[in-house]
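> Guided by the hints, dock chain B with the ligands onto chain A, whose structure is given.
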Amino acid sequence: MGSEANVIVADGLRKYYGKTHAVDGISLAVRHGEIFGMLGPNGAGKSTTIEMLEGLRTPDAGSVEILGLRQPRDATAIKRRIGIQLQTTALYPRLSVTEILDLFHTFYRGHPTLPTDDLIRLVDLDEKRETRSKQLSGGQKQRLSVALALVNDPEIVFLDEPTTGLDPQARRQLWDVIRALRGRGKTILLTTHYLEEAEQLCDRVAIVDHGKIIEQGAPSELIQRYFQEIAIQFQDGHGGSDAYTRLPGVAHAAAEDGLVTVYSADVPRTMAALLERETSGEGKLRDLSVRSATLEDVFLKLTGRALRD
Amino acid sequence: MSTVWTLYRASLKEFVRDRAALFWTLAFPILFIVMFGIIFKAGSTTYNIGIVNSDGGSVGLGLMQTFKDSKSGDSNVFNVQTYSTQDEAVGALKAGKQDLVLVLPASLSETATSPQPATVDVFYDPSHSASAQIELGLVQGVITQYAAQHLQSVPKLSAVPQSIQTHNLSAIDFLVPGILAMSLMQLGLFGTAPALVSLRQDGVLRRLGATPLPRWMLLASQVLLRLTIGLTQTAFIIGLGVAAFDMHVEGNWLALLGLVLLGAVAFIGMGYLIASFARSVESASGITSAVNFPMMFLSGIFFPIASLAGVPVLAIIIKILPLTYLGDALRQITVQGAPDFPLALDIGVLAAWAIVCGLLSARLFKWE
Ligand SMILES: Nc1ncnc2c1ncn2[C@@H]1O[C@H](COP(=O)(O)OP(=O)(O)OP(=O)(O)O)[C@@H](O)[C@H]1O
Ligand SMILES: [Mg+2]
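Chains as they are written, first to last, in my numbering: chain A, 1 to 309; chain B, 1 to 368.
Hints were generated in silico from the structure; no laboratory data involved.
Computed from a predicted structure; not experimentally measured.
Just so you know, even glycine gets a beta-carbon here, dropped at the ideal spot from N, CA and C.
A few of these clues could be false.
[Said to hold, decoys possible] Distance ranges between label pairs, derived from CB positions: (1) Leu345/B x Pro72/A: 44 to 54 Å; (2) Ala255/B x Gly165/A: 40 to 50 Å; (3) Gly239/B x Gly68/A: 56 to 66 Å; (4) Asp117/A x Asp18/B: 36 to 46 Å; (5) Arg286/A x Lys13/B: 30 to 40 Å.
[Stated by the list, open to error] Non-contacting residues of chain B with respect to chain A, defined by C-beta distances greater than 12 Å in every case (computed): (6) Thr3; (7) Leu7; (8) Phe15; (9) Ser58; (10) Asp69; (11) Ser114; (12) Thr144; (13) Leu199; (14) Leu205; (15) Leu208; (16) Met217; (17) Val223; (18) Gly258; (19) Leu261; (20) Leu262.
[Stated by the list, open to error] Taking lysine to aspartate or glutamate and the DMTMM-like style, the derived pairs with C-alpha atoms no more than 20 Å apart in a straight line are: (21) Lys134/A x Asp87/B; (22) Lys141/A x Glu14/B; (23) Lys128/A x Glu368/B; (24) Lys284/A x Glu221/A; (25) Lys13/B x Glu130/A; (26) Lys13/B x Asp102/A; (27) Lys141/A x Asp202/B; (28) Lys134/A x Glu88/B; (29) Lys212/A x Asp11/A; (30) Lys19/A x Asp209/A; (31) Lys301/A x Asp176/A; (32) Lys366/B x Glu250/B; (33) Lys134/A x Asp18/B.
If we strip away everything but chain A, and leave its shape as in the complex, we get (with noise of 0.2 Å):
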């Protein structure tokens, strides 16, 4: 693939508030037409680093590239062609779904733009279409949100954790959604700290911690790359995972608040240990459970941390 298919391209990117590293290097290419994803923590640095990319905030080094134009140069015609969703959206609150809508389509005027008719359709408002916007519930407020970073039919759409706050089936029908773009040739650009989110929606995942992308790759290749073991789960009230990693086929072991998960490539073998153990008095298996790895394993074997929802 060309870099002319690179739609975003960031290089060297840093933003310092006072002494927080708030993004501290970080450097990404997008392609055109996948779903790329920003995986994180609390403070990891993904708003800050996606409103660098779409020119909200200046960064103190490091340069941007948005459809082969530069920020912050070509910001104005950068924001005809793009979308942006923020984490926090603030609208006015009086105004009604559709008002408010309406108003956001005369910002692109001479530009092509989706009727808010479609749009409302498209996030499933077609109730709440008469209803002010600081009547809405939160999940409403985001799939507005949403609408409003498609009005103008962008070619990129930048969503800063846009299924947070929303129920299981709504946050699958945005999913639906976000696919549906990337069908009709978009490319999309969220942040989230959603594993599943970002394993089941995502084409490629950068894992970003420390305002640093540790690792990025397509979900499965990910897992692949670390993991070609097993994870055998459970509780051990003593907590710490080295007594673990010594057993039989074991691989890698991790231990946090008293959950171990042991990587295993020969599940018989360890399991028999394991159970070994536990006759013996040495350890406990409570909750016990085998699975395949996840995003969360490679999360937790770069950062020694679990990613929390």
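Chain B with the ligands in isolation, oriented as in the chain A frame:
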């Protein structure tokens, strides 16, 4: 331009749907007018008036009696004391014993009943009286009423105030332009600064900044909205003054419109400047109140500035504040009030404030 128009309509809807804000924008100035109007109509105060009656005829005696009999409710409006010479009476005025001195010239009765216009002199000391305009208005009123009732064929009797003042206003004539100026100021300050800071604090400006909308369009729509509100207030205030309190509007409506717009722009500029400094809605409200109160009371909108100018520091402050000039200009234009400053100076000072505040806030205003 149609984008500005849509944005303007959106903000107008926002404003009108905020019932509380709408109510206070219109109710506050009206409350003021009704309050002052009732106070001055009731005339619960008694004014000390010294009368020198050199006229031996019926008109002099009749006028004396009219002043003695003038009642407001159950109480007398004037406490009349007679003096035999003008010097004696003016001495009492200077000493603060009298609020006003009325001199009825010899042969007043003859002139008043002849075809020639007859006049009486009213002396007053603007530096001693906080409400000289009001008292003069009252005296004028009593004399006119007397003339109308007793000298029907020759309604030519009038009082000549002996002071720098050239034109007499009734209390309400004096107050309504002041209240109009005050509400334009408060529109510019309270209506602009906290509202803008809240748009910024809530992130609305930020969200709009994520679209290609040019900032000047947002600004233009906001200013247009405030001007609309300002004109609505003006119509309400003057309408109420005329309808309920016999205000005498004599000015040029077009000039009034221009002046209202200029005044509103100057104070909206000041509001933007405050919004540039304030970090939160609370601090914007605080700064606004801190600016509002001295202006309200040191700009001669409720009292003639002559009565405040005795104190040197105040005299300087009064001459800096834009509200002084807006009040003065509105008074000149709506009711032909006596000018404190030339109209051109009023307009110049207001324009200067508008330009300085506008330029400063264009530099200092933060969108995030
Ligand atoms: N305007 C700011 N001023 C000071 N510090 C900031 C500012 N914006 C972000 N930070 C800091 O930078 C770090 C990264 O913040 P950022 O909002 O980018 O995180 P995030 O990954 O989006 O987190 P979340 O998942 O909670 O949204 C945090 O430590 C935050 O406190
Ligand atoms: Mg964030």
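> State for each hint whether it applies.
Status of each hint after checking the structure:
{"no.": "1", "hint": "Leu345/B x Pro72/A: 44 to 54 Å", "in the structure": "45 Å, holds"}
{"no.": "2", "hint": "Ala255/B x Gly165/A: 40 to 50 Å", "in the structure": "56 Å, violated"}
{"no.": "3", "hint": "Gly239/B x Gly68/A: 56 to 66 Å", "in the structure": "60 Å, holds"}
{"no.": "4", "hint": "Asp117/A x Asp18/B: 36 to 46 Å", "in the structure": "28 Å, violated"}
{"no.": "5", "hint": "Arg286/A x Lys13/B: 30 to 40 Å", "in the structure": "60 Å, violated"}
{"no.": "6", "hint": "Thr3", "in the structure": "5 Å, violated"}
{"no.": "7", "hint": "Leu7", "in the structure": "7 Å, violated"}
{"no.": "8", "hint": "Phe15", "in the structure": "9 Å, violated"}
{"no.": "9", "hint": "Ser58", "in the structure": "69 Å, holds"}
{"no.": "10", "hint": "Asp69", "in the structure": "58 Å, holds"}
{"no.": "11", "hint": "Ser114", "in the structure": "69 Å, holds"}
{"no.": "12", "hint": "Thr144", "in the structure": "52 Å, holds"}
{"no.": "13", "hint": "Leu199", "in the structure": "8 Å, violated"}
{"no.": "14", "hint": "Leu205", "in the structure": "9 Å, violated"}
{"no.": "15", "hint": "Leu208", "in the structure": "8 Å, violated"}
{"no.": "16", "hint": "Met217", "in the structure": "9 Å, violated"}
{"no.": "17", "hint": "Val223", "in the structure": "18 Å, holds"}
{"no.": "18", "hint": "Gly258", "in the structure": "30 Å, holds"}
{"no.": "19", "hint": "Leu261", "in the structure": "26 Å, holds"}
{"no.": "20", "hint": "Leu262", "in the structure": "29 Å, holds"}
{"no.": "21", "hint": "Lys134/A x Asp87/B", "in the structure": "73 Å, violated"}
{"no.": "22", "hint": "Lys141/A x Glu14/B", "in the structure": "18 Å, holds"}
{"no.": "23", "hint": "Lys128/A x Glu368/B", "in the structure": "30 Å, violated"}
{"no.": "24", "hint": "Lys284/A x Glu221/A", "in the structure": "33 Å, violated"}
{"no.": "25", "hint": "Lys13/B x Glu130/A", "in the structure": "14 Å, holds"}
{"no.": "26", "hint": "Lys13/B x Asp102/A", "in the structure": "14 Å, holds"}
{"no.": "27", "hint": "Lys141/A x Asp202/B", "in the structure": "14 Å, holds"}
{"no.": "28", "hint": "Lys134/A x Glu88/B", "in the structure": "72 Å, violated"}
{"no.": "29", "hint": "Lys212/A x Asp11/A", "in the structure": "12 Å, holds"}
{"no.": "30", "hint": "Lys19/A x Asp209/A", "in the structure": "16 Å, holds"}
{"no.": "31", "hint": "Lys301/A x Asp176/A", "in the structure": "30 Å, violated"}
{"no.": "32", "hint": "Lys366/B x Glu250/B", "in the structure": "44 Å, violated"}
{"no.": "33", "hint": "Lys134/A x Asp18/B", "in the structure": "12 Å, holds"}
Checked against the numbered hints above, the structure violates hints 2, 4, 5, 6, 7, 8, 13, 14, 15, 16, 21, 23, 24, 28, 31, 32; every other hint is satisfied.
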